[in-house]
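A.B. asks: The chain contents come next:
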Amino acid sequence: MKRKSCTSRMLWFTLAVVVGTVGLGFIPPFELWGMSFARVDMLSDLRADIAGEDVVVEYEADIERLEQELAAMDVEPAVDVIDTLPEPIPVRYDWIVQQEPEVKRRVLRSDEVAPTGNRRVVPIEDFDTLAVTRYERFIEKLANMEDVRIAFMGDSFVEGDILTSDLRSELQMLLGGRGVGFVACDIPFATVRKSVKRTSSGWTSYSVMKPKSTPEALRDKYFVSGYLAEGRSGATTRWASTDAFETLDSCSRARVLLYSRDTSRLLVEINDTLSREFEIAGDGHVREIYVEAPIDALRVKVLEGTVLCYGASLEGGRGITVDNFSVRSNNGHAIFGTGATINRQIDEMLGYDLVVLQYGLNIMQPGQRAFSRYRDQLRDMIAYAERCFPDAAILVLGVSDRWIKNEESGEYEPIGSVDALTSYQRAAADSTHVAFWSTSEAMASYGGMPQFVANGWAAKDYTHINFAGGRRVAESLSRALRASLAELLAEREAEAARLEQEARRREMEYQMLIDRNVDAATTLLDTLTVDENEK
Amino acid sequence: MEFLALDNGVLERIVSLLCFDAMSPLTLTTGFFLFAFLVFGVGYVALCRCVNLRNIYVVLFSLYFYYKLSGIYVLLLLAVALGDYLIGRRVARRRERGRGTRGWVALSVTINVAILAYFKATDFFVGVVNDLYGSGTLDWESVVVPAGVSFFVFQSIAYVVDISRGVISPLGRFTDYLFLLSFFPKMFLGPLVRAKDFISQIEARDVVVTREDFGRGITLIVGGLVKYAIIAKALGLLFVAPAFAGELGDGGLVALMAIYGFTLQIYCDFSGYSDIAVGVALIMGFRLPDNFDAPYKSATITEFWRRWHISLSSWLRDYLYISLGGNRKGRLRTYLNLFLTMLLGGLWHGVGMTFIAWGVLHGVALALHKVWLEVVPRAKRFGSEMKPLWRMVATTFTFNLVAFGWLLFTAEDMTQVGDMLHRIANNSSLAEMDALLSGSGVAMVLMVVGYAMHALPKSFSLGIQRVVTRLGFVGQLVIVVAVIWMVMQCNAMLAAESGVATGLPMYAAF
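Quick note, the sequences are listed as chains A and B, same order.
Residues in the first sequence are numbered consecutively from 1, following our numbering.
Residues in the second sequence are numbered consecutively from 1, following our numbering.
Chain A extracted, bound-state conformation (with noise of 0.2 Å):
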């Protein structure tokens, strides 16, 4: 028997397997008996994504690390007893330029927040079961006319702006504030945001839905906007103030939050004009830019080290401030990619009030009816949202209509999910004890999917709207709010005029009785009087 060792043959099929299976990229994407394959990519590994879309990654919830991780950060570092104390290094870098002008607060009527127009109002449900609710805590803050915060994240559905720069815009006319709020330093891709102008360079950024190109030492680093980017030297943003809506021009705050493990040097310059050089020293905490000025532009530059940007927030005033954190294709669990100790920490920064979830568009199939597990992957997101953002109150929104094309008679038809996870939705938030508002119940207020398709509010496809969609759904929600408000104030109101109302009569009863003890202590007097007289 001839024994032949033929290893040989191993190689060389392996090899033929490595080519062939690479060469099956040139079969294009086709579609047969119904099924549409796609282009199958061997080298995917290798190839930057551009799209964006077609990683999916699921992230799952851990709750027990994450409560570990807030519990590390709340322990002192424990610090030896030494002569000198060593200088805390800064969290926060002040420049002052000039002093935002003090707004004085006025006292909100009820007549002037609510709704106007006869187009029935969405109501929030508000589940919680405290004495005063968190949403409640939130509307009392709107009422006293404080700063107030707000982090609306969402999918695709938000991005560039749609919706919440109306939502913005609305609640700044109403209750102040200026300023477009939270916006990143760099994305990995080409987005455009009309309320806000920015251009970048030099950036190396990073997406949260792509853990796998994200460098391992980065993974924990993300906030709940979802990028990073990572800048050497002469990486540079500059971000600048649009007129696009009537409150965003000029602002008086700007500030940049970044991570510097390391030491570094970065220089910020305002409106193009002065310019001032911040040494950060290295530390694992988040680090915040603070600047007061006039501002039309920032930009932000680093000149020496390595520095992790995640952007910059452009606001004025006393009032509303709304940072659209979108995410594309994200169904929400891009939450749990997050850093519970970023998160937290640009929280104690910013404090945030409200923390918006818009999420569930791209989880629909057609007529899907059962969303048991994305109702408790929900539940684990308010959950990790409450304990990143633990002084806000939490707003679940429900999923927005959508239609499909019917193959069969090319007609649209009602995708056949949007209740059933609407209320899946809501289950999880009335679970949670947060407060819920069904988008598609306010896009029916307008004639539903359709009716936005026609008016040129929503693009073809039925599912994304456009703008001019966004500015009727953020009317819907701002008017939501608005009834909430106008509750409170008219309760306020009332309250005050029937403590008016007591105090008039117990003036009047006062009156009465001092009147009353005058006129006998004029008849004794008279007595006294004619009894002297008599004498």
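Be aware that a few hints might be false.
As the list claims (entries may be wrong) - Listed below are several chain A residues computed to face chain B (Cβ distance under 8 Å; list not exhaustive):
(1) LEU15
(2) VAL17
(3) LEU24
(4) GLN98
(5) GLN99
(6) LYS141
Unchecked claim - Restraint-style ranges between C-beta atoms, simulated for each label pair:
(7) A:GLU491 / B:LEU430: 39 to 47 Å
(8) B:LEU344 / A:LEU70: 50 to 58 Å
(9) A:VAL91 / B:ASN427: 54 to 62 Å
(10) A:ASP62 / B:ALA117: 37 to 45 Å
Calculated from the structure, these hints are not laboratory results.
By construction, the Cβ of each residue, glycine as well, lies at the ideal position given by its N, Cα and C atoms.
Got chain A sorted already, so can you dock chain B onto it with the hints?
C.D. replies: Positioned in the frame of chain A, the structure of chain B alone reads:
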């Protein structure tokens, strides 16, 4: 050619791909493995005729493979290998001199079991303590179980015990032992390998791969891919998981089909991956033991355990059941030993009520079958000894016993078990058939195909092997590339359908 164009960040990405990444561990079914295997092949073929260099080369690649799979735990693998290699030598020397080896064997077993217990049970006990005494009593980060830890620990125990029993003599070289323990095709999910079967292959001067071997290897890989990456994955994501989560309604028929679906899924998942491992080893010139032999054809529960995860059940028999005394200590002890073996086997899968219940079910069933064999004189141990009709009845019974056993195995808790059984008993109607066929048609077809494949006689699969062998290089290449293409299409469709990227084999958790 556009898709071949890579931009200039490609080097960085290659480097990051080569490093351990917890989010994408290396398994035999990843694209990365294909490329890595090609690179590995160059050196392997070159060193093929120098035994020592070849073995060291394979060991180095295996260690890298394990590093890509489990990161830093490659050090644990090295430590276990070194410890048991040294203990093995010591045990052999004491044996030669006629002195006791019990203490050293006990030491090795204790260390190995302690490692296993730490990784398997810590989370459970920390959870229990924190439930009892308030959360935070024990401040313990949840333990990440290194992939395949129980497989190399079991093999290491077997090695030391075999030496003390005089079955084998210890290996001369540490690298040879490391080879035995870490050989990459079987690293992740077995099959478990015994030193006495494998040593001669490691030390063989020449690696021989006949055309028949190669053909058989390719058949196993292709069949394994179809079972593991298509049937099991699609069935799980499209039907079994949603049905268990209650997303397909609360009908009894759905629950029953979900149980049968899972029964097929776990078989295809596990045996498919095992087949790929055996096939990859075979085209390299190494023969690993078969791990599955059409287990659902078993007519008795005893037969089932001779056909399911054979390398583990024979390990349990040789090193647990026999060590407990086997059948040498009287009838009662035999039953007790069987029961204990299966209970521990159940516990090995995870510490929890459902796994204990699963172990108890199989333990009791095995013991009862032993009793039955002794009480009923005409009872048979295996289906092949039975008459056809009786065999059919017995096979159906055994299949259902096993299937409902899997319900215990996969359920989240006992409430879900009760719920599913309640649904089957009280809420079944034929009306669900329509919904099942229209809503989960693809999954139903997969189930039929899967069970049909399983039902084919052994001669049929041998025939296929012969055909594939005769196809030659080009024919085999076309089949392999076509199946890879199908797997990738299936992955893409599943990702689009369920929004979930396909993950690791189910048994990776154990």
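A.B. asks: Does each hint fit the structure? Answer for all of them.
C.D. replies: Status of each hint after checking the structure:
1. Proximity of LEU15 of chain A to chain B holds as hinted, the smallest CB-CB distance being about 6 Å (cut-off 8 Å).
2. This hint holds: VAL17 of chain A has a C-beta 5 Å from the nearest C-beta of chain B, less than the 8 Å allowed.
3. Among the interface hints, the one on LEU24 of chain A holds; its C-beta lies about 5 Å from the nearest C-beta in chain B, closer than the 8 Å criterion.
4. Interface hint at GLN98 of chain A: violated, since its Cβ lies 43 Å from the closest Cβ of chain B, which is beyond the 8 Å cut-off.
5. A cut of 8 Å between beta carbons decides the hint on GLN99 of chain A: the least distance to chain B is about 46 Å, and the hint is violated.
6. Annotation: interface hint on LYS141 of chain A violated; nearest CB of chain B at approximately 32 Å, more than 8 Å.
7. Against the hinted window of 39 to 47 Å, the Cβ-Cβ separation of GLU491 of chain A and LEU430 of chain B comes to about 59 Å, which falls outside the hint.
8. Remark: the range hint 50 to 58 Å for LEU344 of chain B to LEU70 of chain A is contradicted by a beta-carbon distance near 39 Å.
9. The supplied range of 54 to 62 Å is met by VAL91 of chain A and ASN427 of chain B, whose beta-carbon atoms lie about 59 Å from each other.
10. About 23 Å separates the C-beta atoms of ASP62 of chain A and ALA117 of chain B, a value inconsistent with the hinted range of 37 to 45 Å.
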